[in-house]
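Given the coordinates of chain A, work out where chain B should sit on it, guided by the hints.
Protein sequence lines, in the order shown, are assigned to chains A and B. Taking the numbering used here, the leading residue of the first sequence gets 2, the next gets one more, and so forth. Taking the numbering used here, the leading residue of the second sequence gets 4, the next gets one more, and so forth.
Hints listed in this document are in silico derivations from the structure and should not be mistaken for laboratory results. Treat the hints loosely; a few may be bogus.
[As the list claims (entries may be wrong)] Rough simulated footprint, nothing fancy, chain A against chain B, three-plus residues with beta-carbon under 8 Å:
no.: 1; region: 7-20
no.: 2; region: 43-52
[Said to hold, decoys possible] Residues from chain B that keep clear of chain A, each with C-beta distances beyond 10 Å, as calculated:
no.: 3; residue: Ala107
no.: 4; residue: Arg189
no.: 5; residue: Val191
We treat Cβ as the ideally placed atom computed from N, Cα and C, and that holds for glycine.
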Amino acid sequence: MNAGTLYLGAGFALVLTGLACALLRRNLLRMVLGFSIVDTGVHLIIASIGTLTGRTAPIIDDPALLSDATTLAVDATAVVDPIPQALVLTAIVIGVGVTALMLTYIVRLHDRAGTLDVRELRDLKW
Amino acid sequence: MTRKVVTLIALVAVAGLFLVLLRLGTPNELGTVSRHYVERGIAENRAANLVTSVVVNYRGLDTLGEVTVLFLSVTGAAFVLRRRERKPVDARASRASEIVQTGARLLVAPIMLFGVYIFVHGHLTPGGGFQGGAVVASGVLLLLLADRERELPHGLMAWLESLSGFAFIVAGLAGLWVAGSFLANRGVLPLGEWNRLLSAGIIPVIYTLIGLKVGSELAALLDVMMRGEAVAAGHGAARSGGGRRGGRTRGGKNRKKGGRR
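The following block holds chain A by itself, in its conformation from the complex (with noise of 0.2 Å):
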């Protein structure tokens, strides 16, 4: 079992503990919590995709990463892909705006019906 597949099961590990968290719990911050549970997992998931075994960050710093010097051409066998790791970024920044806006619709709910369980708040029901 190579490093990718250990992140890719830790990853499913953790989609389905939030997933369980979101879909069980009544309190509407543990469930925002299991949301935010489920986010990691996937970024593990999807970084877990571009890992690579045997190769290094797809930092070039080193000269010795560069098969032809002077073209500044990189030698493709020895980085990692670097595309997940840039989708892991947007989507760790979208995580965090989507959570903040999600904690700041319960905070006015709670205003308003003074309490954080999902069974109690009835009014879009029917």
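Coordinates of chain B only, in the frame set by chain A:
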């Protein structure tokens, strides 16, 4: 009961997805697009950090969208938590202990400097505008934790935020003007020598702007949430005598709503 069954089905489905991915296996070679980014990245952008090269140049438009999403969520949070009156919180509760206050005074400058270092060196080392901005905002959080009543320079933060967003667009349009595509790097600024601070053309400029924007946005978000929390705590204190549903009877709008139900 149905809730538990549905949860179980969802969990089994996700676990099945894991088994499918495991069967497919992780790739052991770079894809076509990644291969181009890795092999030609230094030659085209001179940014030692290839992730930065992807985020700011090759997928620069995505990053502009990302910055917009963050801006919208912060605006949304500020709008949702907007209050007319701001109740003063208990002075004893709003000020932290002497140790935290002195520590905050001591640490805020190094933390901010570290954040600036991270986003200025985004094209050379791990890190970049978003990470550096988050570090800067954590310095602001420390200030707010030490003293809840502290007024942040909102005018400065608003100007910093809008100016850096505007300059980001201007940098993108400069690429459109010079090189013929939005956010293009080649030709706008000299690319310089690989692995130096002043290199990679427009990438460090854009990442610095992103750092300033993200830092001021996250600081504003923290400020809004801390203040919202302070006001909510004030409500809770006012309500504690009147029972759990007391909050519903205060304020004309809420009472009307309660009457209809």
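Verification of the supplied hints:
no.: 1; hint: 7-20; in the structure: holds (count 8)
no.: 2; hint: 43-52; in the structure: holds (count 7)
no.: 3; hint: Ala107; in the structure: holds, 23 Å
no.: 4; hint: Arg189; in the structure: holds, 14 Å
no.: 5; hint: Val191; in the structure: holds, 19 Å
Violated hints: none; the structure is consistent with every hint.
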